[in-house]
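The primary structure of each chain is shown beneath.
Number of protein chains: 2
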Amino acid sequence: MTDLKNQRLLRALRRHPVDRTPVWLMRQAGRYLPEYQATRSRAGDFMTLCTTPELACEVTLQPLSRFPLDAAILFSDILTIPHAMGLGLSITDGDGPRFKHPLRSERAIRALGVPDPEKELRYVMDTIRLVRQELDRRVPLIGFAGSPWTLATYMVEGHASKDFRQVKGLAYEQPNVMHRLLEILANAVARCLNAQVAAGAEVVMIFDTWGGVLTTSGYLDFSLAYSRRVIQRLNTNNKNSAVPVILFTKGGGAWLDAMADSGCDAIGLDWTLDIGAARQRVGQHVALQGNMDPMILLASPDRIREEVKAILGSYGQGAGHIFNLGHGVLAETKPEHVEVLIQAIHELSPAYHA
Amino acid sequence: MTDLKNQRLLRALRRHPVDRTPVWLMRQAGRYLPEYQATRSRAGDFMTLCTTPELACEVTLQPLSRFPLDAAILFSDILTIPHAMGLGLSITDGDGPRFKHPLRSERAIRALGVPDPEKELRYVMDTIRLVRQELDRRVPLIGFAGSPWTLATYMVEGHASKDFRQVKGLAYEQPNVMHRLLEILANAVARCLNAQVAAGAEVVMIFDTWGGVLTTSGYLDFSLAYSRRVIQRLNTNNKNSAVPVILFTKGGGAWLDAMADSGCDAIGLDWTLDIGAARQRVGQHVALQGNMDPMILLASPDRIREEVKAILGSYGQGAGHIFNLGHGVLAETKPEHVEVLIQAIHELSPAYHA
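Chains U and L, in that order, are what the protein sequence lines are. For the first sequence, position 214 matches number 214 in our numbering, and the numbering has no gaps at all. For the second sequence, position 222 matches number 222 in our numbering, and the numbering has no gaps at all.
Be careful, since some hints might not be right.
What the hints assert, rightly or not - Listed next, the in silico DSS-like pairs over lysine-lysine satisfying Cα-Cα at most 30 angstroms (straight line):
| id | chain 1 | residue 1 | chain 2 | residue 2 |
| --- | --- | --- | --- | --- |
| 1 | L | Lys334 | L | Lys5 |
| 2 | L | Lys162 | L | Lys5 |
| 3 | U | Lys100 | U | Lys5 |
| 4 | U | Lys119 | U | Lys162 |
| 5 | U | Lys162 | L | Lys119 |
| 6 | U | Lys334 | L | Lys162 |
| 7 | L | Lys119 | L | Lys100 |
| 8 | L | Lys5 | U | Lys162 |
| 9 | L | Lys162 | L | Lys100 |
| 10 | L | Lys100 | L | Lys309 |
| 11 | L | Lys309 | U | Lys250 |
| 12 | L | Lys309 | U | Lys162 |
| 13 | L | Lys334 | L | Lys309 |
| 14 | L | Lys119 | U | Lys250 |
| 15 | U | Lys250 | L | Lys162 |
| 16 | L | Lys119 | U | Lys309 |
| 17 | U | Lys309 | U | Lys100 |
| 18 | U | Lys309 | L | Lys162 |
| 19 | U | Lys100 | L | Lys309 |
| 20 | L | Lys334 | U | Lys334 |
| 21 | L | Lys250 | U | Lys250 |
What the hints assert, rightly or not - Example chain L residues on the side facing chain U (calculated, C-beta under 10 angstroms, incomplete):
| id | residue |
| --- | --- |
| 22 | Leu64 |
| 23 | Phe67 |
| 24 | Arg180 |
| 25 | Arg305 |
None of these hints come from the bench; they were simulated from the model. Even glycine gets a Cβ: it sits at the ideal position worked out from N, Cα and C.
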């Protein structure tokens with residue numbers, strides 16, 4: 001960490017003072033960038049882009065060439081782990097992700113193995129090594145994985161679900177089978193994230209995209225309990241280097257206290273929460289990342305600046321805020337609007353760190 | 001009120017003691033009932049069912065003939081108001097609701113009029129009068145409307161939206177135009193609900209299905225502010241009879257305190273919240289309605305009973321709870337499972353009112 005040229009993200013994650021609020025964006029390497037579209041066309045399809053380290057490295061770095069961002073995030077997909085477990089992933093723009101072999105029986109679940117990250121997910125680790133080399137210690141690199149629960153939703157449903165009928169049916173009717181699946185996934189995710197850290201990721205983020213569809217007790221038992229296990233195993237494995245962990249749960253506003261108690265260093269907030277109110281609840285324990293509505297980037301530059309001002313003002317004075325959106329950058333976003341956003345953070349945030 | 005044979009709902013809404021927790025279900029008159037399917041077939045399409053008082057009355061009463069429910073809810077649709085405003089609604093099973101003339105200009109918004117409920121929405125009022133007659137004071141009848149914000153989302157998007165791009169664009173870029181639309185809708189909703197009360201509804205519910213997609217300040221300014229106006233106008237109009245109001249916001253867990261302060265008598269909770277935690281926050285001010293995950297009704301009778309027990313236990317001892325789902329009954333629900341649910345509430349809830 002000490003030799004990183006830009007330490008804002010790592011300092012903010014530890015709630016140490018910074019000169020200005022660090023900023024990076026979920027899906028900052030994505031379809032809104034014409035250079036991403038070009039590389040994607042060259043790759044042919046999304047999975048080829050994900051599994052070819054040179055191409056994945058290229059798109060990881062693209063937003064960094066354009067914008068003065070305070071972190072890079074690995075270009076990959078949370079579903080690479082289930083893919084490595086043999087579920088046969090395909091991703092198309094129109095249809096979204098889809099598994100050829102969704103989990104529909106206890107037998108299929110019991111047959112699952114934990115992939116070796118340096119074998120079945122070697123392309124991810126190679127991408128990280130390549131990105132680290134190219135970044136040359138300019139900014140930290142964020143690795144990531146889906147939460148065990150979120151991976152389970154896709155693996156059981158077979159695709160993005162509207163009502164989560166299959167996976168909730170399993171959780172409600174056969175909780176033991178569900179726990180078995182989540183335990184396997186917690187092992188797979190922890191192993192993969194530890195390998196990402198070994199390969200060079202300086203921060204890791206757990207995306208719990210679908211924790212918010214559960215009841216409170218369901219969230220605690222099926223989602224948070226397994227994210228917590230992942231975090232524990234990360235901490236055990238890296239106790240000397242203590243890699244910071246960001247935990248993001250879309251729709252998790254009711255459970256901030258439990259999330260803050262999971263061992264994570266920061267909570268990623270979606271846009272529905274007031275970040276100042278969230279800070280009051282859990283800001284003594286964790287840093288907060290977020291939380292502008294990605295739709296704001298489709299509005300005018302003035303409106304974007306106004307919203308940046310509101311979010312910085314709501315978080316208020318002092319350390320512990322990492323600016324981000326409350327969800328990924330939309331494909332229709334103009335790159336110049338991302339420029340406006342970052343410029344506004346650069347202009348307005350130093351006053352909060354005086 | 002005094003001559004109603006079953007006063008559980010009205011008493012619970014005022015947090016007065018009851019012998020057992022009252023229960024009714026959102027979308028209790030719906031596709032999961034074969035008798036509903038039969039009437040729907042006879043009607044031909046959904047809009048004919050909605051706009052024919054004899055048929056709408058018939059389906060309103062169907063669940064009451066099967067189950068010992070503590071309330072009837074008017075069979076209708078929240079989009080009848082925009083339909084009466086000239087937007088040209090069509091509803092199909094596959095595609096969902098769709099407007100022929102979505103609002104896409106300030107001019108179109110400024111041209112909107114407030115419908116006269118006894119003219120353009122006369123079929124709704126006639127249905128209420130018919131249902132009241134048929135119910136013969138057995139249980140109270142709940143009227144309802146969409147919140148101004150929720151109606152605006154459909155009217156601007158033209159249909160159910162995935163990302164609310166159009167309506168958020170309007171709210172973010174032209175807030176004055178958005179406020180103008182919401183003000184018209186608050187008038188229309190208040191007038192319609194007052195007419196429903198005049199026609200015989202004893203309770204009204206405001207469905208804010210899409211308040212939860214907003215930021216906190218967006219929710220307060222664009223959604224809650226206008227639901228509050230509707231409630232104020234209801235209270236002003238009915239100050240001698242004081243009709244109780246239930247306010248439901250899907251995904252509104254972060255804003256319970258603000259909702260409790262809106263003038264409503266009860267808050268409808270979605271299934272993501274723990275009802276006991278919600279009671280601790282706002283139970284001194286309002287009753288709480290909810291909040292079982294509708295998916296539980298697809299699970300086994302044992303699992304349903306277990307969940308009823310957990311929810312009753314979480315709310316705890318005393319008045320102010322109306323049992324319901326956290327969202328509407330799913331079309332795939334077995335009617336016998338609704339029977340199991342109500343039976344469990346009848347068996348288990350008296351202990352909490354001893």
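Worksheet item: Which earlier hints turn out false for this structure, listed by number in ascending order?
Response: Structure breaks hints 2, 3, 4, 5, 8, 10, 14, 16, 17, 19, 20, 22, 23, 24, 25.
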